[in-house]
Amino acid sequence: MKKRDMILTIIGIIALFGLAFFVQEEMDSYIRRIVNLCLVYAIIGLSMNLTNGFVGQFSLGQAGFMAIGAYTVGIFTVPVEYRENIFYAMPMNPAIADIELPLWAALILGGALAALFAFAIGTPVLRLRGDYLAVTTLGFSEIIRIWITNAQSITNGALGIKDIPPLNDVRYIFLVTVICFVFITLLVNSSYGRAFKAIREDEIAAEAMGINLFWHKNLAFMVSAFFAGIGGGLYGALLGTVDPKNFLFTLTYNFLLIIVLGGMGSITGSMLGAVIVTAGLEYLRFFDEPLMLFGMDIPLFRPGFRMVIFSVLLMVCVLFWRHGIMGTREFTWQKAIDFVKNPLGFIKRKGAAQ
Amino acid sequence: MILKTKDITMQFGGVTAVFKLNIDINDGEIVALIGPNGAGKTTAFNMVTGVYTPTEGKVFYTDAKGEQIDITGKLPSDIAKLGIARTFQNIRLFKDLTVYENVLIANHLHLKSDFLSATLHLPWYMNEAKQMHRNTEKLLQEVGLWEVRNEKASSLPYGQQRRLEIVRALATKPRLLLLDEPAAGMNPKETEELTEFIRQIHREYNLTIFMIEHHMDLVMEISDRIYVLEFGMTIAEGTPDEIQNNQRVIDAYLGVDEDA
Amino acid sequence: MKFKKLLSLLAVSALATGLLAGCGGEEKAADSNVIKVGVFLPLTGDNAAGGELELRGIKLANQLHPEVLGKKVELVVADNKSDKAEAASVAARLIEKDKVSAIVGSYGSSLSMAAGNIVKENKVPAVGTSCTNPQVTANNDYYFRACFIDPFQGKVMAEYAHQNGFKKVAIVQEVSNDYSVGLAKFFREEFVKLTGDENSIVDIANYQTGDKDFTAILTNIKAQDPDAVFAPGNFTESALLVKQARQLGIDAQFMGGDTWETQEFIDVGGKDVEGVALSTAFDREKASTEEAKKFLDAYTKEYNGEPSALTAMAYDAYLIAVNGIEKAGTATDTVKIRDAIAATKDLECVTGMTTLDENGDPIKDVVIKTVKDGKFTFKDYVKAQAK
Amino acid sequence: MEYFDAIANMSALSFAQHMVNGISLGSLYALIAIGYTMVYGILLMINFAHGDIVMMACYFAFFGITAFHIPWYFTFIITIILTAILGVLIERSAYRPLREAPKNSILISAIGASFLLENLANYLFSGRPMRFPDVPLLSQNISIGGIEIQAICLVIPVVTILSLVVLLHIVNHTKTGMAMRAVSKDYEIARVMGINIDNIISITFIIGSALAAIGAIMYGIRYPGITPMMGVMPGLKCFIAAVIGGIGNIKGAVLGGFILGLGEILIVAFFPDLSGYRDAFAFIVLIVILFYKPTGLLGEKTTEKV
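Protein chains in written order, with this note's numbering: chain A, 1 to 354; chain B, 1 to 260; chain C, 1 to 387; chain D, 1 to 306.
Some hints here could point you the wrong way.
Derived SDA-like pairs: lysine to any residue, alpha-carbon spacing no greater than 20 Å straight-line [to be verified]:
no., chain 1, residue 1, chain 2, residue 2
1, C, 271, D, 102
2, B, 4, B, 37
3, B, 95, D, 102
4, B, 95, B, 161
5, B, 95, A, 338
Sample of chain D residues at the chain C side, in silico, Cβ under 10 Å [to be verified]:
no., residue
6, 126
7, 141
8, 224
9, 232
10, 265
These are computed hints drawn from the structure, not numbers from a lab. Source: prediction; values computed, not measured. Every residue gets a Cβ at the ideal spot worked out from N, C-alpha and C, and that includes glycine.
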């Protein structure tokens, strides 16, 4: 990286931190919640993009990894004195009943457990390709959920865990987001990241170039699971409560839309996608409310319409706009500078390039 | 002897693609493998490079230290690390990546830093990375692809793509290079250039070359020895002159496939 | 290219309608002569059916009690989509954007729990409609509810089973449903206590939400030949469960909780669910209060047919919230409203005189109903002291 | 030990009942799995929307009988036709434009189509369950030597086997079937041979969706609560059944369906404590099968051309 870009990046991150402070101090909790949700979804979207976009392995297990992270945070950060109340149907397993961790430790533990699980299932699963991989990872995510439902003494089963110390702090979540994004950006730009892309482009050629498919896929899968676990942990802390139904495999579709819209194989795209999908869904809320337009009641607008729009958007994206907003491109300072200097020319050139 | 296959056989279901193939390749040689379509040539390559594990038989490779290693059924990536690189019959470049990246990726197999130090860009990784970039630059300049280094691989003309695939294989620092029909689809002029290119790399990079090829001009011109395969079995072996005069080969192959 | 044009056209029109709709909203917000009450219900997703029934109750209550403190009560209806992340942001939105004085809802405990931290943090009281998990109000001073809780309901059914002389009971629980697991657990404890027989529960079988085939667990149960089967759970699954049990020739008494009391349960179950017993909070025959009569009249006028307990409880939740606002004498000081709600005592509601206990849970009588000729009919009555 | 006791204590009658339950469930899975396998055989993609096509078919039949009062036998025919049209429509709009695109795009499109159907049904028909109408004779209960069974459970296996036989005949002995096999082997060669690939794919979707409709009708009669999300789990399980049997192989799909159906029932029968894990069973079997026999039980071994 050039020195100029490095400096600009650092300034940019500091500026964004300033913005995070501002949002935390000045905005109401509704806005903060939306911002936080955007950031958490961006982390999970990015984690999914690592396997699906950069390594080209179509995995649909994100909900399961999130569940591991969220439950780790849920189980270990709930104050010990509340636990008896929460686990009213079946007492908590004494081995973990008295362990209370600070949030950061629980997050890392959750990420690590998710990564460990990814490692364990990676061996059989990552030999598969395409559709098979998609269905088996989806299957594992369901198995995790079913296990959580049944393991009452550890997870409180269907009753869920509540009273997770609430976290609606933009600064905290922003910091974690920055760490995740910086880490994955560096990883993708390292030699390992290039090996990932090689696997995406052509597995057989990559293997012939000495790239161990199994190890590299597994590595990406574990890193992805780790950050999905962290994202899930934040998600749990943000909601203050977790229960198994949160982590139905349909949850993964949200992140699929994020990365498809943002661009499979683009870090910038993951962030853009997360913001657009989260904030956009919030904005689209008026579709669910009865609408009076020019004195007429439009019968189209009633609960459920928003989700129809949401799914149509996903379809339109795949069909007509397969590369999403960013494709595999990234934000660079050079492009930004070019744009600021000569906005019209930049757009024209971009148009011509496409 | 750098490569030796001993009675390797490959069966798919009930079909025997290659039967008891014995090939010996000496250090520094250029050896060609010819035969009609479907004779099992690519299958033989795939067995040597680990894509397939032979149903029977063994593949031996002698490394730089002169030690003979049994590489039968090893992973393709491990075989590449030992110093055997290859190209593919239907070009398999990393299409959406640039020429530069294509070659740079081929340096990855010699990377010693673990993934965490690579991700965190720790000093020892940065040193290695610098070396990888230097190697790539040097190689691209030497083979004349420097000017197109920022082009997408898929946007290169056909002949250049073939050449890039060979260069990418070279970047893994092989001792033995396997070329699967490098001149396929080329016109006589391009073939001529390719012949020259193969000569050049053979000379400059201290290589042993083992190739499958249909262009007889090219094969006869640069090969030291030739193996002829038909229906998965060797029907002849020898110098270009010997092969050209071998009646069985003429019957089975040369006469039929001349115009291909 | 045509598609791209069409798309951009669509996008632009979507934006335009959005802006228009947005403008409409702004105007309303400027009006300070209304008191806003948030309605926080699942109107889409898995729990939509329950949410719709409760919305009816709240709307009816709003019709009959449109004013408090001399101002109009405006309902701000928000769909939490049966999804927790949605529920959290919807609750925040009701509080921050719509500035509601109190929230009524939700159907489904997990959704209420997702909003729990938010109402606590923002100090806006919420009255749950049919969130029966004890955790909803535990350790949360700002959450109340109009329904009884799972442990209570489970115990009442155990008592009922005991009174009816059942000796051997099998339990089927929807293991992924907090409601079902809670009821099953307290039923089991109470029943074992009442019968004094550790083996009186002959089988505990599990299924997942969304399952359709119950033949395997039912065949196992049939082999145990129980007198009754306690199977609280979602009405769709439960109706199929009872149906398949009858097909397999199990003639034991089936018992469930208040979730069964929906038309869909009878629709799906048909004649097979005739005779089941279920606990609920409300019935016409035991409608003792004036409020109940008003409610029944209004309901019949508006919707035809019998109101479900869900509708009645949602109606009551609205009453509790509005009564709190009235007693507090303010629509803006939500802490005061909270205190007034917490002090609710002998409030005349549809489901009887309501008093909230120290957790914010009502003390209530339970009605046992059955299905007869395709209708829910009164069967028995358990006084609140049973708790 | 407990488990062995459970097995030992199970009466012959209970066991027979479990077997009957399993066969009836399995044949239902098999019927729907055939649709998956056919589409996969031709397009090499999971038609994620297949389960939701089943759901839509249920609604078609529901509205035909309850809203339009069309006699049930006639409704079923209309349902099959409508569902076939729906299937072709999905193929045309969601899959055909992406035929040349990377496989992952088609996969996403399929997920999108499935998601769209679910949300559309939720929006149009609301999330409340509707009761699939009773059908004379089929909805009745009968008792055979102490085994209690719904009449439809006897019909389903027959329909499944019949469908299998008819399909095998079509695939192996008709011109269309031969064209299908050619397309599934290699697009290019099929094109060169003068086969209209688009038509063949449409026919495949018609057959697959028609089978989905038949499956849906059976499903509706057997489990009469229909909801917008009802197709998701059966969809996944039937896909798994198709994979277990060897995807692309019609006999395999039927075999896989029976294995899954019987397995799900018997695991609860023999290990009652695991009843909460029943839905995980399908996925576990899938993973085990893919690990030991990636092409499924009856699948052919294919290797990628290098």
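Each hint tested on the structure:
1. 271/C / 102/D: Violated - the C-alpha atoms of residue 102/D and residue 271/C are around 52 Å apart, more than 20 Å.
2. 4/B / 37/B: Since the Cα atoms of residue 4/B and residue 37/B sit roughly 24 Å apart, the hinted pair is violated (cutoff 20 Å).
3. 95/B / 102/D: Holds - the C-alpha atoms of residue 102/D and residue 95/B are around 13 Å apart, at most 20 Å.
4. 95/B / 161/B: holds, 10 Å
5. 95/B / 338/A: Since the Cα atoms of residue 95/B and residue 338/A sit roughly 27 Å apart, the hinted pair is violated (cutoff 20 Å).
6. 126: holds, 6 Å
7. 141: With Cβ-Cβ at 5 Å, under 10 Å, it holds.
8. 224: holds, 6 Å
9. 232: holds, 8 Å
10. 265: Interface hint status for residue 265/D: holds (4 Å vs cutoff 10 Å).
The structure shown violates the earlier hints numbered 1, 2 and 5.
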